[in-house]
Amino acid sequence: MENINVVLLAGGDSSRLWPLGDKNLITFVGKPLIYHTVAKLSRWGFKKFIIITNKDNRHTIEKWMSVFSSIDVTFVDQINRKGMAGAVLSVKDIVAGKPILVIGPSDVYEDILFLKFQKMAKKEYQADGIISGITMETYFPGGYLEILKDEVKGLREKPSPKKLPSNIVTFVFDYFKDSTLLIQKIEKIKEDNDDVYEQAIDGMVKDGLRLKFLHYNGFWGYLKYPWHVLNLSAYFLNQLENKTSNNVQISESAVITGKVYLDSNVRILENAKIIGPSYIGKGTVIGNNVLVRESEIGESCVVGNGTEIARSHIGNNCWFHTNYVGDSVISDNVSMGSGTVLANFRLDEGIINSKIRNEKIQTDKVKLGAVIGDNVRIGVNSSIMPGVKVGKYSLIGAGVVLNKDLEDKKYCLLSKQEYVIRDNLQKTFSSTRKRERNSLKFL
Amino acid sequence: MENINVVLLAGGDSSRLWPLGDKNLITFVGKPLIYHTVAKLSRWGFKKFIIITNKDNRHTIEKWMSVFSSIDVTFVDQINRKGMAGAVLSVKDIVAGKPILVIGPSDVYEDILFLKFQKMAKKEYQADGIISGITMETYFPGGYLEILKDEVKGLREKPSPKKLPSNIVTFVFDYFKDSTLLIQKIEKIKEDNDDVYEQAIDGMVKDGLRLKFLHYNGFWGYLKYPWHVLNLSAYFLNQLENKTSNNVQISESAVITGKVYLDSNVRILENAKIIGPSYIGKGTVIGNNVLVRESEIGESCVVGNGTEIARSHIGNNCWFHTNYVGDSVISDNVSMGSGTVLANFRLDEGIINSKIRNEKIQTDKVKLGAVIGDNVRIGVNSSIMPGVKVGKYSLIGAGVVLNKDLEDKKYCLLSKQEYVIRDNLQKTFSSTRKRERNSLKFL
Amino acid sequence: MENINVVLLAGGDSSRLWPLGDKNLITFVGKPLIYHTVAKLSRWGFKKFIIITNKDNRHTIEKWMSVFSSIDVTFVDQINRKGMAGAVLSVKDIVAGKPILVIGPSDVYEDILFLKFQKMAKKEYQADGIISGITMETYFPGGYLEILKDEVKGLREKPSPKKLPSNIVTFVFDYFKDSTLLIQKIEKIKEDNDDVYEQAIDGMVKDGLRLKFLHYNGFWGYLKYPWHVLNLSAYFLNQLENKTSNNVQISESAVITGKVYLDSNVRILENAKIIGPSYIGKGTVIGNNVLVRESEIGESCVVGNGTEIARSHIGNNCWFHTNYVGDSVISDNVSMGSGTVLANFRLDEGIINSKIRNEKIQTDKVKLGAVIGDNVRIGVNSSIMPGVKVGKYSLIGAGVVLNKDLEDKKYCLLSKQEYVIRDNLQKTFSSTRKRERNSLKFL
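From first to last, the protein sequence lines are chains A, B and C.
When you line the first sequence up against the working numbering, it's residues 1 to 443, in that order.
When you line the second sequence up against the working numbering, it's residues 1 to 443, in that order.
When you line the third sequence up against the working numbering, it's residues 1 to 443, in that order.
Heads up, some of the hints might be wrong.
Same chains, same label: a pair holds when it works inside one copy or across any pair of copies.
As the list claims (entries may be wrong) - Straight line, CA to CA, 35 Å or less: simulated DSBU-like cross-link-like pairs of lysine-lysine:
#: 1; residue 1: K40; residue 2: K149
#: 2; residue 1: K82; residue 2: K410
#: 3; residue 1: K409; residue 2: K355
#: 4; residue 1: K365; residue 2: K282
#: 5; residue 1: K224; residue 2: K153
#: 6; residue 1: K55; residue 2: K98
#: 7; residue 1: K119; residue 2: K40
#: 8; residue 1: K212; residue 2: K116
#: 9; residue 1: K355; residue 2: K40
I should point out that these hints are in silico values taken from the structure, not numbers from a laboratory.
Working from the sequences, and respecting the hints, build out all of it.
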């Protein structure tokens, strides 16, 4: 594997993930996604990495890559054409004539993918490349492969659900023995569409080049829409081992069950309960009577008294206080007032919808809460409806029932609640409460 | 007692109990009311039962009666005229010439009633029957007895509160030595009013028949209005003994005080507290930090984290989540979102009213929550006002403050909350929270 | 000290403290403020007290003063002119020719003030009096002293912030060797302004009388605005020692940390947590899962299940139930429904404002909840915004988000929530919940 150039496509925009930020930098169990990807590839034996970044994420990615001592990483800003094709063109000179493995760094796979790849790469030394694909039970808006025996015979991007060439969808884990074959093909395509990369592969096989098919059947985690963060989160949580780091304080009455990773300086107060798999980041405080179930919570958070967080992905520096947060994705530096609830279940128990770029998308989820961007503040006793997304730096007032997305940098508040104020003529109060108090049964 | 035909009037409609269903089938401590009634009568030594049913409840009642092995039960659908008179006419042929004891199966009495009845039935073998009555301190919309010494001299249905013949109200526990005497009298009355049964008794004594008066002074539980379920529930809970059934799991930090009946497969999680008398049905989960006080909860419920249920009657398959449920009656398959509250106390601490068939009724209660029918779903952070009733298969959206009854099969939601959305010009946040966090005192 | 007449000015009105009552009678750690003041002065060795009262507070103050056995107290109703000058004039005959120490009994100081005073009073036997003052870092709307060396050379009430004679503000702890000198000066001023007392002092020094300056630099607690109660409360709480009085019941699972004073008959239920310094009054019940942090709670309160009270001052006979009460001042006989929250933090994290006599005042606080008068009732799931004040005998309905002050004796409720009711066509429910239930992970 050592001579293969791993080309990581991290330069794209993540606008479909709004209000979340760059998909490569979304943190899972304490580290950004691209870190996990490179760590795994490094463990698999790859040594040479070329990461195509953009001006916004390059600095952060460089910082995280500096953690790895045994690999060689080159950073290239995506300057050419758009999409994956543009990303590949950006590294043209560096990889000219060399073998490349093109990878989308926000995808997550299991080791079985590498074992299959390794075996094929050794055996199929005569083929021109290897294209990976996975069987999808239901329609997926991606590239579908046409396959004959174990060779790819075509690739069609987002075909009509009625005219699928197969039920095999390509995810980007594509090996080319000589990068120049791919790059020349890309350069011949003049349009500047999103699917030039797929067209190029389709053109390569139509030209008679031999691309072998790698049939993967393990877990495939991807970040097409923001709620997919929950799928990846569940995957990473399941990889965790129990760990109690340095200087963790756990009250005697707290309960921890299942696999729970407690990072350094975590404090868990009286009667809190954490059900694994869960991850609690550095310095986070899990308050009294808090219930955390199968969730990851970032560092320096305060999860205050009586809050419940279930199956959610919480960033750093977040504050909660008597909240219910179910099946939600919450970014950094978010706080909620007491009594605010992120609803995660429709009254009619149907599949939850969400809008992406003004299009109503049916998520695959019956339980889904909110997706909340960085630096959001929510007042007390507010309710956010399932599937609603809240933009970065927005504020939501007390008592609001938010049932649609809120853009970045907005302030949403009850304009004027229609209440009446009239005289209260009753000036004395009956002794009911005293009677009630005396009859309280052990309270 | 063995030769007396107990005639149970279970064929009437229960529309005044809306949104609850058939009064005979309302479940108390795990079994329907009619089961409790027959069990008690059977224990008292009665052997022959004739149950007048209707097409909706017959099947279920038959099923429950099959549990009893030592009694003989005949089922008759109420086909004739309406009311109790119609019910009695339905069994005319079966009981012709025989002694009958007419009983409303949704009434609940204590054993002292039977002891008195048994004594009188032996002693008064020459009388034509025994009519039971109870002293009422305040006006009750029922049949009032005119009594001379120990004999009934008249019966007037719902007399004006100003012209009561006595303060003795009849409840239906009436013995007739020969059913034909009653039935002939009923048949002579041509109108088809609700009070034909009472008219017939009044006619019998006016004709010179001797009906002895049984003066009962124990507990009388009845189901005239839906909130009366709470009175019966309290009665049945008080009869319970402590019991922990098979396969019950109780966390070490849970607290159980008073008489609490835990049915099989109940699970009680950390720091839950149950104050007796309470009943928890099969397979129900009492979650973390839940407080149950003097309540009965049906089977397969999930009482989630931080919920409090006080003095309430909860059906099967209900879900709660950080709710407060006080003095409420909740049917089967109801769920509530986090933060929803059933208010049970007026701000002015007055008697709580409720509408029955469009008439405002003053309940006898200062504390009364909601009455909720089957299959209701309530969203998060909603508030239901005291005495409000919610119809079957209805949905209530998030944040609603419901202050009047909602019919069956309705969806009530905030049409559009009047909120404004404006730009949030503040782009950075002060370090207030960091300062606050550092100054937190043990949290 | 024994021959000094301490003149306590307790006759003023406390209207700026609305909706709180008479400032002298606000209770701290179980006793009214004037009690604390006299107790401290008595401990310092003063023996003769003249308290200027008004018709509303005289009776209560007399009652509380009767507790002290070793001091001599004279009560005088304020009948003359208004303000402090009027108060001093009210005692003219009693103190004629005698030394007086004029004190505002709602101010709180530390012992260092007395030690300084004692020293000066001995040394400066030739001066005509001693005026105390404190350095203020920011502008304070009070009287500013002009000082030369250690003598007061002038006193200007509320000067323009741009023309301050110094940064020394006078608080009322003023000694006059002969009261007549002050009283004659007051009598010469004909206007009836609020600042006649200050004018008189200014006039005295302008006339050549020698008033020495006592420079105090300890804690000064004052009650200008209602939220200042929280400052005094924090002061008194910090003076407390740990104490568990007679007949206190504390559950084994309750946690008490820091200095906590539990008065007699307090009951602390399971899993409650009290973080000191805190004070819990007689007979108060701290319910299950309640969290009290650095607060004082009066007597006969019921702090119900799951409530959190942080840094607040709570009167007697209050009821809470799953509430969050932060940085708030709550008077006697107040109750809140389940889910009601007193918000204490602005979304923009700014300084909290509050209106006093229709003027917007910037409090000095980033965290401030509500100020609530006596006999208020708040419904369920209501939200009171930071800095809002609620008048005595007022009611607030369920679900209200109150963002401005509510006068005394008002009833504020949602007029009609704009909800729609439509048919719910979905008649059956999917088995989602059953599936969810079965997949619950230890709940």
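Item to check | Hint numbers contradicted by this structure | outcome: none
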